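Colleague: In case you want the letters, here they are:
There are 2 protein chains.
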Amino acid sequence: MTFRAPLQDFKFVFDHLAGMGDLLQMPAFSAVESDLIEAVLSENARFTEDVVAPTNWDGDQKPPAAQNGVVTVTASFHKAFKAFGEGGWQGLRHPEAWGGQGLPNLLATATNENLFAANMAFSLCPLLTDGVIEALLLAGSDSQKTTYVPALMEGRWTGTMNLTEPQAGSDLSLVSSKAVPQGDGTYRVFGQKIYITYGEHDLAENIIHLVLARTVDAPSGVKGLSLFIVPKYLVADDGSLGQRNDVWCASIEHKLGIHGSPTAVLLYGDDKGEVGKGAVATLVGEENRGLEYMFIMMNAARFAVGVQGIGISERATQQALAYARDRVQSRAVEGSAAAVPIVRHPDVQRMLSTMRALTEATRAVACCAAAAHDLGTQHPEEMVRRFNESIYDYLVPIVKGFSTECSLEVASLGVQTHGGMGFIEETGAAQYYRDARILTIYEGTTAIQANDLVGRKTLRDGGKVALDLSKAMRVTLDELAQAVATATNVHKPGLTVLHQQFELAIDAYESSIHYVLNNTKEDIRSVYTGSVPYLMLAGYVLGGWQMVRSALVCVRESTTTDDRFLANKFATAVFYGAYILPRASMLYTTILHGKVVSEALTHSDLV
Amino acid sequence: MTFRAPLQDFKFVFDHLAGMGDLLQMPAFSAVESDLIEAVLSENARFTEDVVAPTNWDGDQKPPAAQNGVVTVTASFHKAFKAFGEGGWQGLRHPEAWGGQGLPNLLATATNENLFAANMAFSLCPLLTDGVIEALLLAGSDSQKTTYVPALMEGRWTGTMNLTEPQAGSDLSLVSSKAVPQGDGTYRVFGQKIYITYGEHDLAENIIHLVLARTVDAPSGVKGLSLFIVPKYLVADDGSLGQRNDVWCASIEHKLGIHGSPTAVLLYGDDKGEVGKGAVATLVGEENRGLEYMFIMMNAARFAVGVQGIGISERATQQALAYARDRVQSRAVEGSAAAVPIVRHPDVQRMLSTMRALTEATRAVACCAAAAHDLGTQHPEEMVRRFNESIYDYLVPIVKGFSTECSLEVASLGVQTHGGMGFIEETGAAQYYRDARILTIYEGTTAIQANDLVGRKTLRDGGKVALDLSKAMRVTLDELAQAVATATNVHKPGLTVLHQQFELAIDAYESSIHYVLNNTKEDIRSVYTGSVPYLMLAGYVLGGWQMVRSALVCVRESTTTDDRFLANKFATAVFYGAYILPRASMLYTTILHGKVVSEALTHSDLV
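These protein sequence lines are chains A and B, in that order. So for the first sequence, the UniProt record's numbering puts the first residue at 1; every next one is plus one. So for the second sequence, the UniProt record's numbering puts the first residue at 1; every next one is plus one.
If we strip away everything but chain A, and leave its shape as in the complex, we get (with noise of 0.2 Å):
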């Protein structure tokens, strides 16, 4: 169950695919050699490698336990989260002004995808702290960034994000958590909080929860919250840390997978602590704008989720491929005098491959993705911020729903291909079936993202985003037609499947944005059928656009097939072309047959 960081596919990614030379040429970066990309790459492998990856399967098999409403986590993790502060990998890609290291997001994909693939439940405790900077960082007043962002940033703090209540998960116009001000500035909180990622937890000293509520005399609806800090400990104005506040772990949940992450029941105003009743709490930003604060550290939060996809699918795929290659059992399929490592058996190959070939396609479109990202966000001319932070925002719904959906089918292949073996928790292999599980659930269901891609995303500009991105593939296309005309022998046959398969899929991925367009007025259901289609067909084209541009790159730099890496990288993406591609063309006929089923199904009890 050893880990090894992916650094050759991330190179290969950051050069040939996501332009990292393009983003240090931006101002922003003129700090940045690239010499450091590649150090820091290199230390988050030691790092991850070395000191996350074998807290991993301890997390799984001693739990964090609650008593009294402490929590206490898996003893090695504290020595994993020690060395995370240190390292500073919390503020990778934050302002230096607050204590971060201004690297692009690109980068910060990579070194998290790492941590994620090395202990997904570890990384939640990161990952959520990560979104209570950006939404400080945002919608914060200096005096709340100067108390809380440099001590999150250094690991001594954690964060939380409380939004879901019992009655109101994917519905957050129903969260009923009240918030009464108190006359000098501050509110009080009262109200129950579900689903709480390290909610608690003994790891640091203080843990600073964000959380939705609604004042006294606010609207209804989503109109009508807003978002609070509330620290465990209240902080003085020199930072030292005050009384214990007024919110409490009432629980931690018995989960099927990261067990390793306490999930915690919070109870705000239970009045158990030295504050009295009510969580002491401030106000972020303005009254009832936590929605929208919200909504852009949920657009991290998403795309951080994506990216743990593809860190739980590379972990899985690299314990397939090592018990693949050392278990010998039957013959080869052409004969052979003796049994032969499982690795060389047809089927075998074909999920091997499939793991791969989802592996690497959501990586390139997720780092495609982190890079429009520092486009939209560092590039001095604001045409062209506008555009890649269009293009970042209808990728994060694909990048959440689509890489963490293929995590499910790899991490479950991955099982597969272990045989017996794979069924015995030892293994393993079950670890990360059992943890991808919710990869495709928090921050928001597939359902969810897809409902964002097709209603804010697709619809709200008439398909531009969209159509532009498949514009762009076709250009794409045009260069792998050449590309076959000159080709030889030995990438002819794979360059000529790729290029079938990658228009037809173009094909269906425009038919598909057409028929969104053209049919939500007239019949909403129809489309909303079809959404989570929708969402999977723009993965799989995206996937394969990027694994189009690595057989390109594949080919121009390598006439021979000597180097194994791009050897690799080429079988993958024909094996993509052959036998991933196809789903776009199918998922496209399910769309259209979104009408026939709404109909059927309005004479049936699913109504």
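A couple of the hints might just be wrong.
Identical copies go unnamed one by one, so any copy, or any two together, can satisfy a pair.
Claimed, not checked - List time: in silico EDC-like cross-link candidates among lysine to aspartate or glutamate, alpha-carbon distance up to 20 Å:
| no. | residue 1 | residue 2 |
| --- | --- | --- |
| 1 | Lys272 | Asp202 |
| 2 | Lys521 | Glu334 |
| 3 | Lys521 | Glu510 |
| 4 | Lys62 | Glu253 |
| 5 | Lys492 | Glu599 |
| 6 | Lys62 | Glu426 |
| 7 | Lys223 | Asp171 |
| 8 | Lys62 | Glu425 |
Quick caveat, the hints were computed from the structure, so don't treat them as lab data. Remember, predicted model here, so these are calculated numbers, not experimental data.
Using the hints, position chain B against chain A.
Modeller: Structure of chain B alone, referenced to chain A:
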């Protein structure tokens, strides 16, 4: 987490798809009244719902414990197992001459599915016992049958199958357990067997192990394997139990799912018993024919595991549907005054419809296969028997591979439908996701089933059975075309899509068969690269066939849509056509790409 046996669907499948009426016309079942079928099914529903289902979560949370070779199972399993034995469920399909009830396999398929759905971990004990009964009835001597079968049938004793060794999983040629003849007609067995389901437990007085081992001078490979009976306690001629035999449980596994089922490592010949060193064994049938006997027994076991997949799909679907009706969240997509039960949201409908469609289609295929088995073993005319047995043989790897792969998708969608609740173990949805994960692995992985389907079941007869099936599908397609022509507006759009997609799926199926037939000699690897896609394609089209037949029944039986069951069935069939059948053409595309993929991989490190 209640369970309701799907009696209405069984009745529909019996009456309209699997031809229970025809079976009961055969002399073998002349004593069986059709009332009896319903009475048995009702009684089975009561038993599985009230007695077995409540033990499911209990077994998951309080799994068996092993200490010094003694395994204590979950306490509540004892009562359920006693009731199982007393109810005569073990002997339902077995000959009356040996204590069974001589009822059709088709009926046993339904009662088994209910048992599997109620508690999969519990059901494995009867499932394995059934395999032992089957093997002894097939190859045992009269004395062996007399000694063991009635006690197994009554639930006083249980049975196990001992194939796997650490170095011999899918590849039984590597089995190295030894059997040494003692000169008195008995043998002593030495070796280690792993993954032995219910290999040790305290549910019954005795455990009858069937063990694959090699006699001293046996040839190497699978042709040197013999089958032995090793009882935990030796059995005297009068059936009383004697000395403790030299077979010992070294440990039980810590598994992802089916926690209630003890999976044992068994040591034969560890010299801790009362019989001296070596487990006392008797040979079943002839030496070196062990694998042959095992295969016949395995056919039944593989079929049963397929039905386990259907059972878990049914259970997961019931739970998700109940939750979706109960959980109120977000407004309707068309707009609504308040939040609605999530069953009204299009993507939840898509998930629940997928779950229903796959469950009902796999059930219908399995029941048709079971009926073919009844015809194949009981029909008075040899021609009819042979034809049906060949159909059954073709369908077994599909029922096993396809139904279990579908159950993974269904169980995963079951978790997803619950949102965050699905990840909390106490909800129960996660247990099905964990339990189901073994189904595509044990009794032969999906790849092993696919090898069987390609090699023994398609190539060996030149595709005859496969093409016979597709011919029969085209007859149904013609009926469907006529139904489209005369359909009312309620049915017409759905039938039209169903016709279009069923035709495409049959085309894809036939083309795949021809691809397999035409390419294996020249390029076996490219064919086997697509073996699992071929198996899945066959499953989807066979499932589609039964859903089309179901839709035709719905049209015939109800011109209105008043009947809730028929309306649901029709909607599910339409959904299957619109959303599931398009997978067939997609899989065909991948099958065609076997060559380009296997060529590309030769340059990669997956070799």
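Colleague: All hints, please: hold or fail.
Modeller: Structure-based check of each hint:
In this assembly of identical chains, the alpha carbons of Lys272 and Asp202 lie at most 20 Å apart only when taken from the same copy (19 Å versus 49 Å across copies). Taking the shortest alpha-carbon separations for Lys521 and Glu334, only the inter-copy value of 10 Å comes in at or below 20 Å, while the best intra-copy value is 57 Å. For the identical chains of this complex, Lys521 and Glu510 are intra-copy neighbours only, at 19 Å inside a copy versus 41 Å across copies, given an alpha-carbon limit of 20 Å. Taking identical chains as interchangeable, the C-alpha atoms of Lys62 and Glu253 lie at most 20 Å apart whether they share a chain (14 Å) or sit on different chains (18 Å).
In this homomeric assembly, Lys492 and Glu599 come within 20 Å of each other (Cα to Cα) only across copies, at 11 Å, whereas the closest approach inside a single copy is 46 Å. Proximity of Lys62 to Glu426 under the C-alpha cut-off of 20 Å is found in both arrangements, the shortest distances being 13 Å within a copy and 19 Å between copies. When the C-alpha separation of Lys223 and Asp171 is checked against a cutoff of 20 Å, the pair qualifies only within one copy, where the shortest distance is 13 Å, while the shortest distance between copies is 63 Å. Proximity of Lys62 to Glu425 under the C-alpha cut-off of 20 Å is found in both arrangements, the shortest distances being 13 Å within a copy and 17 Å between copies.
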